[in-house]
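Participant: Residue numbers (our numbering), protein chains in the order written: chain A, 575 to 853; chain B, 13 to 312; chain C, 10 to 253.
Be a bit skeptical, because a hint or two may be false.
[Stated by the list, open to error] With a straight-line Cα cutoff of 25 Å, these simulated BS3-like cross-link-like pairs (lysine-lysine) come out:
| id | chain 1 | residue 1 | chain 2 | residue 2 |
| --- | --- | --- | --- | --- |
| 1 | A | Lys713 | A | Lys673 |
| 2 | C | Lys84 | B | Lys222 |
| 3 | A | Lys673 | A | Lys768 |
| 4 | A | Lys768 | A | Lys713 |
| 5 | C | Lys77 | B | Lys222 |
In case anyone wonders, no lab produced these hints; they're calculated from the structure.
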Amino acid sequence: MSSLVEIRDLRVDFPTPSGFNAAVRGISFGMGREKLGIVGESGSGKSVTGRALMRLLPSAARVRAQALRFDGVDVLAASERQMRGLRGGRIGLIMQDPKYSLNPVMTVGRQIAEAWLAHNKGGQREAREAALTLLEQVKIRDPRRVLDSYPHEISGGMGQRVMIAMMLAPNPDLLIADEPTSALDASVQAEILKLIEDLVSARGMGLMLISHDLPLVSRFCDRVVVMYSGQVMEELPARDLHRAQHAYTRGLLDCMPSLSVRRDRLPTLTRDPAWLEPR
Amino acid sequence: MSETSTRAWLLSDTPGSRAQARWGRRYQLWLAFRRNWLAVAGLAIVLLMLAMALAAPLLATQDPGVQNLANRLAPPSAAHWLGTDELGRDTWSRLVHGGRVTLGMVVAVVILVAPLGLVVGCVAGYAGGLWDRVLMRVTDVFLAFPRLILALAFVAAMKPGVESAVIAIALTAWPPYARLARAETLTIRNTDYIAAVRMTGASPWRIIWKHVAPMCLPSLTVRVTLDMSSIILTAAGLGFLGLGAQPPIPEWGTMIATARRFILEQWWVPVIPGIAIFLASLAFNLLGDGLRDVLDPKQR
Amino acid sequence: MIEVENLNVHFGANHVVHDVSFRVAAGETFGLVGESGSGKSTVLRTIAGLNAGWDGGMAVAGTPLGQKRDRAFFKRVQMVFQDPYGSLHPRQTVDRILSEPLEVHGIPDAEARITRALEEVALPRTARFRYPHQLSGGQRQRVAIARALIADPSVLLLDEPTSALDVSVQAEVLNLLADLRQARQLTCILVSHNLAVIAHLCERLAVMQGGRIVEVLTEGQLRAGEAVHPHTRDLIALSHALEG
Numbered sequence: 575m576s577s578l579v580e581i582r583d584l585r586v587d588f589p590t591p592s593g594f595n596a597a598v599r600g601i602s603f604g605m606g607r608e609k610l611g612i613v614g615e616s617g618s619g620k621s622v623t624g625r626a627l628m629r630l631l632p633s634a635a636r637v638r639a640q641a642l643r644f645d646g647v648d649v650l651a652a653s654e655r656q657m658r659g660l661r662g663g664r665i666g667l668i669m670q671d672p673k674y675s676l677n678p679v680m681t682v683g684r685q686i687a688e689a690w691l692a693h694n695k696g697g698q699r700e701a702r703e704a705a706l707t708l709l710e711q712v713k714i715r716d717p718r719r720v721l722d723s724y725p726h727e728i729s730g731g732m733g734q735r736v737m738i739a740m741m742l743a744p745n746p747d748l749l750i751a752d753e754p755t756s757a758l759d760a761s762v763q764a765e766i767l768k769l770i771e772d773l774v775s776a777r778g779m780g781l782m783l784i785s786h787d788l789p790l791v792s793r794f795c796d797r798v799v800v801m802y803s804g805q806v807m808e809e810l811p812a813r814d815l816h817r818a819q820h821a822y823t824r825g826l827l828d829c830m831p832s833l834s835v836r837r838d839r840l841p842t843l844t845r846d847p848a849w850l851e852p853r
Numbered sequence: 013m014s015e016t017s018t019r020a021w022l023l024s025d026t027p028g029s030r031a032q033a034r035w036g037r038r039y040q041l042w043l044a045f046r047r048n049w050l051a052v053a054g055l056a057i058v059l060l061m062l063a064m065a066l067a068a069p070l071l072a073t074q075d076p077g078v079q080n081l082a083n084r085l086a087p088p089s090a091a092h093w094l095g096t097d098e099l100g101r102d103t104w105s106r107l108v109h110g111g112r113v114t115l116g117m118v119v120a121v122v123i124l125v126a127p128l129g130l131v132v133g134c135v136a137g138y139a140g141g142l143w144d145r146v147l148m149r150v151t152d153v154f155l156a157f158p159r160l161i162l163a164l165a166f167v168a169a170m171k172p173g174v175e176s177a178v179i180a181i182a183l184t185a186w187p188p189y190a191r192l193a194r195a196e197t198l199t200i201r202n203t204d205y206i207a208a209v210r211m212t213g214a215s216p217w218r219i220i221w222k223h224v225a226p227m228c229l230p231s232l233t234v235r236v237t238l239d240m241s242s243i244i245l246t247a248a249g250l251g252f253l254g255l256g257a258q259p260p261i262p263e264w265g266t267m268i269a270t271a272r273r274f275i276l277e278q279w280w281v282p283v284i285p286g287i288a289i290f291l292a293s294l295a296f297n298l299l300g301d302g303l304r305d306v307l308d309p310k311q312r
Numbered sequence: 010m011i012e013v014e015n016l017n018v019h020f021g022a023n024h025v026v027h028d029v030s031f032r033v034a035a036g037e038t039f040g041l042v043g044e045s046g047s048g049k050s051t052v053l054r055t056i057a058g059l060n061a062g063w064d065g066g067m068a069v070a071g072t073p074l075g076q077k078r079d080r081a082f083f084k085r086v087q088m089v090f091q092d093p094y095g096s097l098h099p100r101q102t103v104d105r106i107l108s109e110p111l112e113v114h115g116i117p118d119a120e121a122r123i124t125r126a127l128e129e130v131a132l133p134r135t136a137r138f139r140y141p142h143q144l145s146g147g148q149r150q151r152v153a154i155a156r157a158l159i160a161d162p163s164v165l166l167l168d169e170p171t172s173a174l175d176v177s178v179q180a181e182v183l184n185l186l187a188d189l190r191q192a193r194q195l196t197c198i199l200v201s202h203n204l205a206v207i208a209h210l211c212e213r214l215a216v217m218q219g220g221r222i223v224e225v226l227t228e229g230q231l232r233a234g235e236a237v238h239p240h241t242r243d244l245i246a247l248s249h250a251l252e253g
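Construct all of the structure, not just a fragment, from the sequences and the given hints.
Facilitator: Have a look at this one:
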């Protein structure tokens with residue numbers, strides 16, 4: 575598989591009053607045009623990894639890597655101009671809550687059109703047409719009405735569809751979805767992920783799905799990378815998740831309450847200090 | 013306790029008492045504040061000026077009221093460090109004594125204004141409804157007048173002097189604090205932590221006083237510090253117009269007012285108190301900016 | 010223990026809860042489940058006295074509830090909020106947060122009670138004088154639980170107590186809640202969007218949609234898939250699908 579993303583020994587540190595705090599401690603993985611899930615609990619460094627790839631971390635953060643490449647482009651050495659071409663151009667980012675990532679005083683149509691214009695040549699009318707097509711592609715039932723709505727007039731699930739449409743406008747090669755459905759109801763969650771999955775497959779993009787929800791990720795991805803405390807614990811095909819070897823992955827799967835099985839007490843995760851050792 | 017162990021005690025992640033936790037937090041704020049050298053400079057100047065005002069009798073080389081008409085409008089010299097004014101009084105001595113009056117007025121205004129604004133704003137914001145409407149309309153009435161004009165009218169109605177100037181400035185200065193405190197309270201009162209306090213069964217007064225007001229204090233402190241300079245200027249302005257401190261009391265604004273005729277020939281006479289006002293205003297502004305960076309809850 | 014009769018809640022012109030009625034027996038844990046906007050949290054907050062603008066009848070331990078709640082009510086009924094980051098006062102230490110209910114109710118022996126409360130929720134002694142920002146999400150939720158229980162209430166209202174937590178921490182907090190409920194004979198109402206969490210803790214549950222209760226089930230019926238209402242069946246199917 576041709577390598578779309580190559581990460582080798584990525585380390586990210588954030589400054590604190592008492593020295594640097596390691597958020598990512600030497601992780602390596604690669605991905606092609608596939609669906610990769612990055613799973614971990616809060617503080618595992620999963621979001622930081624996605625952001626490091628887009629160079630979206632605050633300037634105070636210290637990012638080092640033997641290699642951090644997107645389709646051959648060295649992200650750490652690239653110029654700001656090159657990065658602007660990547661961000662929102664070849665890499666799209668979908669964040670958790672559409673409420674905060676859409677501009678509240680601009681209609682949905684304008685925002686998608688802007689995104690399209692930033693990376694395509696054409697006039698206002700073509701941009702609007704493109705926005706309409708995109709809204710149709712993200713399966714919004716009444717795209718003409720939504721086009722002229724403001725973000726507060728649409729529901730959370732609809733907002734997330736609009737975000738996806740915006741990210742698809744420049745025809746990216748990779749979509750990074752950072753907890754794209756955590757703010758949504760379970761029923762909407764499934765629809766949105768199905769939509770992302772379909773679009774990614776149809777357009778032959780890569781998908782990096784960052785989430786805390788192990789079963790969810792395994793349902794929608796080909797491969798899963800499990801992170802803990804800034805390191806990769808385990809990397810495995812999603813369908814083999816129930817055969818996971820690592821105690822951390824097992825622990826995460828076991829400690830969830832289940833609707834089908836009744837248990838008086840939930841097994842809790844015992845954090846082995848050995849997991850923290852550099853690997 | 014040695015210095016390093018004090019530092020460790022303050023920075024401890026696991027404080028052993030309320031006091032340690034509180035001082036630890038303050039120390040963290042101080043560490044953040046210390047990084048901004050302009051703010052530290054502002055703080056140093058403010059402290060220096062306050063110390064000068066407090067120690068005025070010790071620092072003054074002469075009685076600020078003693079006239080010597082033979083030696084009027086003298087330039088700075090060894091005998092009179094900053095020269096003399098139109099009545100031959102020593103400018104340096106008048107400046108340090110004037111600091112007492114001017115800075116004293118500022119402090120008095122703040123002591124009157126900040127608690128008033130805080131209470132009005134918090135009560136209006138937390139109680140809402142009729143309370144809010146009545147209190148805010150009163151605030152609006154005061155806010156609608158130009159500050160200096162209202163102060164002028166008030167002082168003119170009373171007898172000019174330091175006390176009426178303080179009351180006049182206080183009267184015009186509190187509405188912005190009430191507005192600010194209300195705005196903060198409106199966001200705070202809908203938070204879960206206030207809902208949790210309501211669930212303890214605490215009375216509204218207790219909630220406002222112990223839980224809401226402390227959250228409004230940081231932004232109010234910043235605003236007060238930034239406002240200090242304009243209070244100084246208003247006080248000086250009233251003095252300049254003859255409605256503040258009355259001669260022979262030394263006050264910076266009055267000093268400029270009485271010496272303004274000499275701006276061309278003996279320029280140092282009005283300029284020196286002007287520099288004092290400028291320095292004090294600048295220092296308070298720098299301090300306020302620094303405090304905002306440290307205390308602003310939106311940035312932490 | 011808790012009776013709710015034809016509860017209606019209005020936010021301005023919005024009618025958000027329609028004719029909700031249910032009863033919770035003493036010592037029972039009752040679940041309210043539904044998607045966002047179903048009105049489940051509104052029902053809970055209205056019982057807690059945090060919402061005005063309701064009509065209908067509510068009673069706790071036989072005492073009818075009015076629009077204004079007295080101190081005795083707050084001694085009997087306590088609540089744990091969803092977001093442990095937002096429900097603790099950011100400028101108060103754990104010690105201060107825990108002593109507040111004791112001061113309000115004039116309960117003596119604060120020192121011993123705070124120590125015991127921290128032990129009960131398995132927080133280390135060193136956490137006592139920390140500020141919320143120095144604690145992890147799970148620890149904060151433990152503080153919130155300790156605060157709710159420190160004045161010995163008999164009713165505990167839980168508003169999505171684990172949905173902001175990681176699953177491993179969720180397991181710990183759910184175990185803790187189960188233990189405390191048993192040890193203190195608490196009557197609980199648990200609001201959650203997660204059917205598995207509801208099934209884990211509750212004996213009975215009501216499914217809400219659009220501000221109405223559409224179905225009331227026992228835990229056994231829920232697990233056996235004996236739901237009748239299509240919305241409940243949808244929720245169950247989704248939950249099973251996500252469990253994989």
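Participant: Each hint should be assessed against the structure and marked as holding or not.
Facilitator: Hint check results:
1. Lys713/A to Lys673/A: Cα-Cα ~19 Å, so holds.
2. Lys84/C to Lys222/B: holds, 20 Å
3. Lys673/A to Lys768/A: Satisfied, since the Cα-Cα distance of roughly 21 Å is no more than 25 Å.
4. Lys768/A to Lys713/A: holds, 11 Å
5. Lys77/C to Lys222/B: holds, 21 Å
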